[in-house]
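K.L.:
The task is simple: from the sequences and hints, build the whole structure.
These protein sequences, in sequence, are chains A and B. Numbering of the first sequence is given in the numbering used here, commencing with residue 1 and proceeding in unit increments. Numbering of the second sequence is given in the numbering used here, commencing with residue 1001 and proceeding in unit increments.
You may find that some hints are simply not true.
[To be verified] Simulated crosslink set (DSSO-like; lysine-lysine; CA at most 27 Å straight-line): (1) K1355/B <-> K624/A; (2) K1429/B <-> K624/A; (3) K1355/B <-> K1435/B.
[Stated by the list, open to error] Selected chain B positions facing chain A (Cβ under 10 Å, derived; list incomplete): (4) L1209; (5) G1219; (6) F1291; (7) Y1470.
[What the hints assert, rightly or not] Anything over 10 Å on all C-beta distances counts as not near chain B; from chain A, calculated: (8) L33; (9) Y213; (10) L323; (11) P413; (12) T481; (13) A502.
None of these hints come from the bench; they were simulated from the model. No residue lacks a Cβ here, since even glycine has one placed at the ideal position from N, Cα and C.
What follows is the residue order along each chain.
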Amino acid sequence: MDYTVLLLAIPFLMFLLLGLVGQKLGPKMAGILGTAGLSVVTVLAYYVAYSYFLNKGLTLNGVLESAVNGDGSWKALTSFNFTWLDLSNANRPDLRIEIGMLFDPISVMMLVVITTVSLMVHIYSIGYMHGEEGFERYYSILSLFSFAMLGLVVATNIFQMYIFWELVGVSSFLLIGFYYKKPSAVKAAKKAFIVTRFADMFFLVGILILSYYTKTFSFEQINGDHAALVHTTMGGLTFMGCSVTAIALTLIFLGGAGKSAMFPFQIWLPDAMEGPTPSSALIHAATMVVAGVYLVARLFPVYFFEATSVLTFIAYVGAFTSLFAALIACTQTDIKRVLAFSTISQIAYMMVALGVSGYASAHEAGLGFTASMWHLFTHAMFKALLFMCAGAIIHAVHSNEMDDMGNMRKYLPITHWTFLIACFAIAGIPPFSGFFSKDEILTAAFESNMIIYVCQAFVAGLTAFYMFRLYFRIFWYNEPTFHHTPHEAPKSMTIPLIVLAAFTCVGGFIPFSEFITAESIGYEIEMNTTIATISVVVALIGIAIATFMYKKQNEWPDKVTAIFKNFYVWAYHRFYIDEVYLFITNKIIFGIICTFIAWFDRHIIDGFMNLLAWTTNLVSDETKEVQSGSVQQYAWVFIMGVVTIVALALYL
Amino acid sequence: MIETLKDYYSGFAIMNQELTLVLVLIFVLLADLFLGEKGKKNLQFAAIGSFALATISGFTVSFGGSQEAFAGMYVTSDMHVLVKNILNIGTLLVFFFAHYWNKNENRNQSGEFYFLTLSTLLGMYLMVSSGNFILFYIGLETASIPMAALVAFNKKNRDSAEAAAKYILTAAFSSGVMLFGISLIYGSCGSLYFDEVANAFQGLPVQILAMVFFMAGMGFKISLVPFHLWTADTYQGAPTSVTAYLSVMSKGAAAFTFLCILFKAFHNYPEIWQNILWWIIVVTITVGNLFAIRQKNLKRFLAFSSISQAGYIMLGVISGSPLGMTSTVYYIFIYLFTNLAAFGIISNIENQTGKVGMDDYNGLYGTNPKSAFIMTLAMFSLGGIPPFAGFFSKFFIFAAAAEQGQYLLVFIALLNTIISLYYYLLVVKAMFINKSENPIPTIKSDNMSIIGLGICTIGILILGFISPIYEYMTSISFGM
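P.N.:
Structure follows, in structure tokens:
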């Protein structure tokens, strides 16, 4: 154990400190302490990233360990790996639950993403949450979340990941329900928790199947040597005609789909916007929701070598989700919901990229993997930026609805410019970061599967359209009557905006493929100019349509809506997926299945317990005379006990 | 066997803990004797302080393997050292809780309290480390007789005297039965060394008779049914600190000794004593639970709860495996913190208000939220609710029994945990839900109790998660 453990220890201690004595410290101190703690963590994370990627060596436990193998590939380093529960025996020498820290390209990259966004959110919240009731509680949960998320990405084994996965879920639950006096927030928190827990159940079953056969939880052993362990222990096994490996990996993916809001688990994310906006930026845009992508990336060798069909499945689920969410995003009027659906759509992009990816670095076969992680990085920055801008706007007009906004560029200049940068990035306009990462995803899709490519290119156009619809509706359009003149946000809020905008401007120029590849061997990407041109043109068309329809108030939006009337209504109601869920749970599960289970519970289970209680009472009442207080009687019972036992032992 | 006198006395070299304890004993005795009226104020600190040092020094002892002294009369190993360390921790905690009571009620006798308690502890040490029935018996009596004096410590209190009388009479009776058993063992096996008894034990009826007599004596110490009847009266009448000591230390030491002797002396015919234990466990857990439900006095209530807990401890003994030993010692270790937390609160409240009834605790949360909280933790942990330490200890002990195929027994024990949950939650209900006209007023605890309760609370909350403890125990445990 060495300094790296501070990455987890500081947020955890901060959580305890602020949670236990936050009230006594007061809001100001709590905000400063939380932010200071996370600043230290951020510096440490950057130091780790700098040493790992640029110095190609990390000092762990006092020893400088090289981050590069002999063949030039990146090496996974472990700073410590503590055995928490040893389940090993002769048959399963490696089955133990460990808690450790693993540093490899994707986990180090995630450290940077999480700490950057989290620090920005900490700073931003000082202004945004100013004067809110429960300010200290808010900061303590933010610390808990940072701890859990960091623990998740550095997990050395799948069980540790699961533990932190659940902790992330809890902190997300707590933040969505932060305004617990608002019924809608409570409902949304419950919904998010139940839906993600439901998906996590699949994840757990998947973990158990995988570790039952491989007899280990460790990523290193499961992934190592092109997932040879999985091949030897599970290869060829089938269950009801399906490969067991495929079943296990599909279940694990379903867990990831729950956290990453893939279809059909996407229903919780839009409602999760009930939480404070900065926490939405951190959890429901930048970090937690990409945990599913990270999970698939973490087990990528297993997926690629042992369950190619599952990868294809992931690609199609991703493609469908991205199209589906983008269509809904075009119709929503609550600005945070537009961003929420856009998040779903963009995460689906990352899933698609993993799904179509190859493995080898040679000839850019593993481009999809790199592109997915790259998009994860750029998306985290610009989506957090978008959410924080939305926060600044909501802060200014006290409403989430587009109708209460318009012509805001006059009042919020910094927000306006940073928002515009983020819009260009997400729409895929060069030289902003989103262009590069999305372009690589499209290239990877193009080389693997034409249907998916066309779908994703279309979604790229839709993305440009709905983002600029949002942009023009907020910052141009007609000026509504404000309750009071909107004003620019305080410095604590604008500085994070500017920092993230800077990341968005330069994020595309990071040579990602040198660092993060499926095979861990760096390579150089050559830009496919045809694909790049097509995607820029598609994006520009989307922007042009949005400009035409929404720059000034005109009759075109209504006309277009009239043309697609039914379709528009369906999309506006999110294709009634929530209603389908409600029907299944209320009518089928509660109405039919649960009636029987409830009867069984009430009569058989409770009846048994009541019988137990009744007998206990009766016997206890009958036998209380034995404890009479007379020592002679005690001796009598004693000796009769001995005699009975001897008799039993001798004659039975 | 004995080469020279020097070799003979070198046996003392492995008795580090015993010798340290004897030093502390003599120190306390002399201080009590020679300190003047003024100096006696500091006697308690001197006693607690010196014993705390002894406790710490116990952790420096390590042997690696098993060691013998005095021709096998005395045996020790890392496991024995650990058990003695656990006993030390418990005794120290009891001292913390007893400090206030000693200060206010036994001004001139507090030295005697420490001296008597440490004497019983020395007896337990010898009992734990015995390799021969003679040393075992001496240890047992050294632990029992001063205990009777401790039970009668409130000299002017009739309940205390009655409790002591019942204790000493039953103890004498059970000692008699046990000695008879031991003499039969000697007669039929020709030796009192455990390993020689093991070789000569052939399962003859007279040997089984002897073994049952021995088990009855141990059953008295651990308060297993049907040898448990003294427990409730003695626990109720004794001063609360002494009850706490009896319920944890006395029981823990006896349980471990019982396990060692069964493993060492009777391991050739395990099915005989396993069958007997099977029935004893079922009856003990059930009877303990049945009686606990009806109690109104908290000390009496905890007496029956401790009877049922003793049954759970025996689940680790019946398996006869190293895993069984690990889980038994682990159970005792966790039980120590949990039960002492409960007794700490009870003694605190009894010392300041004199109330020990379950009804007196109604509405405790309103006036003493911290005490109510700790009591709740203790009850949850005793009931085995996750994530408190008691859950882990129950889990491991069930695992140890299930590993040996004792599924029915584990199932019965599980059913009984449901019943036990009911009465543990009764206490919680009284404190949090029941309303009271005149609840216990807000009390201010003394610093020593706060330290003790703090240690217990931390123990309940985090010990279950610290896996190195369990793994260390696994690495040093041994089976039949």
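K.L.:
Against this structure, judge whether each hint is valid.
P.N.:
Hints and how they fare:
no.: 1; hint: K1355/B <-> K624/A; result: 24 Å, holds
no.: 2; hint: K1429/B <-> K624/A; result: 24 Å, holds
no.: 3; hint: K1355/B <-> K1435/B; result: 17 Å, holds
no.: 4; hint: L1209; result: 6 Å, holds
no.: 5; hint: G1219; result: 8 Å, holds
no.: 6; hint: F1291; result: 7 Å, holds
no.: 7; hint: Y1470; result: 9 Å, holds
no.: 8; hint: L33; result: 24 Å, holds
no.: 9; hint: Y213; result: 23 Å, holds
no.: 10; hint: L323; result: 44 Å, holds
no.: 11; hint: P413; result: 52 Å, holds
no.: 12; hint: T481; result: 52 Å, holds
no.: 13; hint: A502; result: 43 Å, holds
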